[in-house]
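Trainee: Next come the chains, spelled out residue by residue.
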Amino acid sequence: MSRFFKRAGDSSSDESESEEEELLSSGEDEAPQQVTKAAPIGMARFRRTGSDESSSSSSEDDDDDDDDDDDDDDDDKGKKKKTSKFGWGNDAEESDEDKVVVKSARDKRLEEIDACGKTIDNAVKVNDWVAINNEFDKLGRLVIRQMTLQEPIPPLFIKHVINLDRTLSAVAQKDKESKKKMNANNARALATMRQKLKKSAKENEADVKAYEADAEAFEANYASILIALAPAPIVKPPPVTNNKDEEPVEGTNDDFKTVGKGGKAYNFTAAGLYKTLAGVHESRGRKNTDRAENVRILEKLLEVAHTPYSKISVLLALISARFEYNTTLSTFMPTDAWLGARHDLDELISVLAASQDYVVQEVVTIETDELVERTPETEGGTVHVRGSIISSVERLDDEFTKSLQNVDPHGTEYVDRLKHSMDLYKTICRAQLYFETKNQPEATVRVVMRRVEHIYSKPNAVVQALETAAATSVESLHLKSSIPTLASCGNTKSLVHTLCVKLYNTDNSFLRTRAILCHIYHHALHNDFHTARDMLFMSHLGDTIQNADIPMQILYNRAVVQLGLCAFRSGLIKEAQATLQEIFTTQRVKELLAQGMHQPKYGSSLTPEQERAERARQLPFHLHINTELLEAAFLVSSMLVEIPLLASIDNEEQKRKAISKPFKRLLDFADRQVFQGPPETTRDHIMQASKALQEGQWEKAKSLILSIKIWSLMPEEKKIKEMLGQRIQEEGLRTYLFTNSAYYTTLSLSLLAKTFSLPEKSVAAIISRMIWSDELSASLDYMAPPDGSATKFPVVVFHRVELTRMQQLAQTLADKANTMVENNEKTLDQKLGGSGAGGWGEGERQGKGGGGGAEGGDAKRSERTSRGRGRGRGGLTQRGARFAQGLGNRMDGGRRNQ
Amino acid sequence: MAEYDLTTKLIPYLDRHLAFPLLSFLHENEIYPAEELIQAQYDLAKETNMVDYYAGLHEQVYPGKEIPAEFGQKRQQAMETNERLEGEAQAVLAVIENPDVVQALRQDKLQNLTYLKDNYNVTVDQITALYNFGQFQYTYGNYTGAADYLYHFRILSTSNALLLSSQWGKTASDILSGKWDTALEELNKLKEIIDAGVATTSTTPGVNMPALTQLQSRTWFMHWSLFVYFNHVEGRTALLETFLAPTYLNTIQTSCPWLLRYLAAAAIISRKGTGTASRTVRTSLQTVVKLIQTEAYQYSDPITDFLRDVYVEFDFDQAQVSLKEAEKLIQNDFFLEGFKEEFLENARFVVSEAYCRIHQRIDIADLSSRLNLSQKEGEKWIVNLIRDPSSALFSLSADAKIDLEQNVISTNKGSLPVYQSVIEKTRGLAFRTQVLGAAMAKRGSGLPDQPENGEEGQQGGGGHHHHHHHNRRGQPNANKTVIAEA
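Protein chains in written order, with the working numbering: chain A, 2 to 899; chain B, 622 to 1107.
One or more hints might be untrue.
Below, a list of computed lysine-lysine pairs in the DSBU-like style, where the Cα atoms sit at most 35 Å apart [as the list claims (entries may be wrong)]:
hint: 1; chain 1: A; residue 1: Lys662; chain 2: A; residue 2: Lys710
hint: 2; chain 1: A; residue 1: Lys722; chain 2: A; residue 2: Lys817
hint: 3; chain 1: A; residue 1: Lys662; chain 2: B; residue 2: Lys1046
hint: 4; chain 1: A; residue 1: Lys832; chain 2: B; residue 2: Lys810
hint: 5; chain 1: B; residue 1: Lys945; chain 2: A; residue 2: Lys575
hint: 6; chain 1: B; residue 1: Lys997; chain 2: A; residue 2: Lys817
hint: 7; chain 1: B; residue 1: Lys1046; chain 2: B; residue 2: Lys630
hint: 8; chain 1: A; residue 1: Lys575; chain 2: B; residue 2: Lys997
hint: 9; chain 1: A; residue 1: Lys827; chain 2: B; residue 2: Lys810
hint: 10; chain 1: B; residue 1: Lys810; chain 2: A; residue 2: Lys793
hint: 11; chain 1: A; residue 1: Lys762; chain 2: B; residue 2: Lys810
hint: 12; chain 1: A; residue 1: Lys276; chain 2: A; residue 2: Lys575
hint: 13; chain 1: A; residue 1: Lys719; chain 2: B; residue 2: Lys1046
hint: 14; chain 1: A; residue 1: Lys665; chain 2: B; residue 2: Lys1046
hint: 15; chain 1: A; residue 1: Lys755; chain 2: B; residue 2: Lys945
hint: 16; chain 1: A; residue 1: Lys119; chain 2: A; residue 2: Lys276
hint: 17; chain 1: A; residue 1: Lys575; chain 2: B; residue 2: Lys630
hint: 18; chain 1: A; residue 1: Lys701; chain 2: A; residue 2: Lys665
hint: 19; chain 1: A; residue 1: Lys575; chain 2: A; residue 2: Lys665
hint: 20; chain 1: A; residue 1: Lys827; chain 2: B; residue 2: Lys961
Hints are computed from structural coordinates only; laboratory data are not their basis.
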């Protein structure tokens, strides 16, 4: 304890004296206010002074700690007195033992009360109600503490209540003149004082009456109680229930030890445990409570707690005390405190697991005496303790995230901190097992959610490590039931699946939604595109995500983005482009993924609250999806989709419409550049590759794309590069055909195959597909070689027709009419919600159903434009809605028709 | 061929009795060891009341062994139950078949019940006896009788759960007794009930239950319907109409992707579908191809591969291989077996159509070999193809000529004239708008829950009137969208 104070005071030891002097010399009127203001600093300094000065230190009870908290509020006189009188227990000063004036804690308290009383008396004399007010408050506090320690209310207090009451009424009598004389402060204090007096008089009505009736008898009575109590703490250690519980405390000197022991034993033994605990509880949430000190006390208490009940109670208090260390929500817990809390939580779960008859519950209906040991025998089976483990687990997790948010992600500190995630995961698993054993479904799903959130985005190796650590930790609980582990499930996928299924079965829709998003993300992470996509569509989240809370939307965006990346990795370029398009159209990728703050535009800015809220939402660095990689994937997909499409369209107007905005912007920018230097950024690479592709230089495009460094962040980099190369060749061919079909009547397939180094067969297939879907007006043919030999070689023959302006317009009109009817149908479809399961015009819509891959042509174009329009935070709704509509009919219809 | 056999996938969604034909078919085809199949049939029959059949199987499974004693008991029991139930049912039947009663019965079921109760003292319990007896008859294989009793029961009963059950029973009975017309009718009724989604069973309450039940019912329905659709004359068209409805497509995607085989097969078979077929059927191939593509990750077999090869990959060599495989598959498929020739014929059409559209000059020898035909046959075939009014080549026939000397057909096709493509594009628009209007009118006149086809609503005069009104309202909306896009 003393060590702590020293530390606290170290920095300011020099000034302390003088500052105190100032306090002392200040006028009586201001003094009280000043004191309260200066309290936090003064406290530390004051103590420091005390311990330094007092060569004649007294060995003391630890009760002093409680006293200390209030000491600083003492008025100047009281302080002065104390400073000279009491030193601080300093173990190093045993030599002075003889001179020690042994005083019991109680005596000291009484003295304080006494001092308070005197100040009040003085203040009454000068009619200083502000001072009276302050002192009375202090007095009240002291008395309350007295009561919590189950000592009788000192008569002094009662006396003051009565005295003040009288004075008040006297003042009231000469109300008019006095009030006018009084300054405003004083008058106000008077009024509050009156209120307070009334209240405390009422509270202690019986005592007041008894005192009024016979003051002497009352005091005599009090004195006798005191005497009865007195010997215990001072003379000898009380009959300690458990001798070995006594701390082998500091100090080797026998004599000193006895006393020290006696003092400590009073507090930190099983017997005194509940009292001290109650004291700590009492001080919780108070303004001047020294939270660190409380933690310290509780830690000591824990050492002596040996019964399950006491352990549980102390641990619960300790965990909350640690969490309370910071009062503001914005700062994060210090790592030490966090580790402590985690350790305590672990221990709490172990204790609970070992003693099955004790249950921690949030709501306990039976009122019990907190100061008494409770056992299953006394409670008739099970002991219910008030508290919440799940909240603590969640808080622990939140604090972990918070601390990661606040640590520089590029420093070693971050990595060190991140290592604790393994411990945290252990705790979570233990908690899950405990909840399952106790059959607490609500807590179970909450903790399972936390568990899923710890593993869903991690690669297999990390999950493996987490699980291995957790497995041993969980086993050590020795509970019969078991939880799904990596070992029992086989692989991460089925582990996540098992956990998520658990969550799907709850009534809590919030958890269900989060679970499915995590599950989708996980599938996407493991390149299971179809499953992930189907889950996303079946969940209908695209329709409702705008209404969800922001963290949920963030998770949704993450899942969608991961899905896009997954499509890219699996070579589903079109899907990747469509999935990622939406989020890139917003140009706020980082913000939407909670990986960066909102960049306010001119004129608008965030309020501090908004900013703080957003900061709190940011993901810790290790969970980030690499946005540069994401952009590369998106732009390359866009390139592969858009460049041939651009080439296929020959009038400017359509060109403007067809292309996706983010890509178009970049392409235009690249076009405007007068001088093109060697590519530096990923974007440069892709843009130059796009240009090369447009010009038919697929080799250049390929080498540009493949030289992008960021691909190395993708797993299976080689495969992806191979896929990309192949795609570039194919799309290069398509672009070439689109661009140049006007200039040839025939082209030999073998030449094309050679130019684009593709097998002739796939060239034929690509051309066939283009012919079939009416993208290319051509047909395949065989031609005799000019030298007249018998072997014919395949060629493609173009039938290009130049359209007149008029014909072009007619076609555009027809297209527009088509789009219009389609839109009408879509609108009506949405209005009717596909009610009659058969739909109203199913025949007509057939051509468009079928989810993902709408092939080329007009349908695709119209789809694109309708999708292209930005869509706030939600992301990807249109597409989701489209698919969901198909799948959804069944569900909706079913519900509506019930 | 066992790898393509779907029986194991189908059976879980079939009634015990419906599985017998499948098993005996497998038995004939000898894909699986005969003993296993008999064992399976035996196990299947054990739970039914088809005692004699089961006894016969027993001999095959355990030749030379005594038929177990419980067999006799069971037979005895079945006979007794039969008599008892028959007696109960007969009482009601006698009343119902009374001409007076037939006269007096009305549409209103409740009224009928009171009438029967008042005049003939027939209670609800007695009516349920019809159901019980019908069901019992079904269990020992008297499907015609079962159908009969269930029919009568359905007229009278008001219990939703039993009605649904009897509907399923009646459908199964009709299927098993091979009355395809009635079976198709029953099937359609069943579909209506499912689509209406009325909560018929008193299953555990829950928000998601009805949707899930509906999904399950649809899955069952689709499996059962295969019997009808591949036996009835109009079956394939009906299959396409049903399976291609969005809700059923979703069911396929969600719970039974293997049905894609039958969908694909039906689409190929009815490719030549006459002009009267609805748009759904006409465009079915496109839809199916798209579906096959999206679902390729969960299901593929030679038939779907064939379609993919032709329409997605345009790899005619591979298509040829797939087609050969598909032929084998069809021989061993219970439902498709009878359609082998038809399928092959149409598959050839599919190939040659695609082939001709892409190529300018078609080497007959080349094409014939791709169709697994000799050159002679191929030539004949192609001539027929050009003559066939439903083929894509027909429109080109003016330009398509067979050059026997070089043995090629040359088509002199340019791209479609612009006016024609404009006509093509705008063709359906007026009709589609009408359908839209009709749908809105129907909505307005308060028939929201009746799943009907647009065509029907359009016939009503009232619908027509509304249609104009609503259409005008719909128009500006659409215009706005167009403007926004432009």
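Trainee: Output the numbers, in ascending order, of every earlier hint that fails for this structure.
Mentor: Numbers 2, 6, 7, 8, 10, 11, 12, 13, 20 - these are the hints that the structure violates, sorted from lowest upward.
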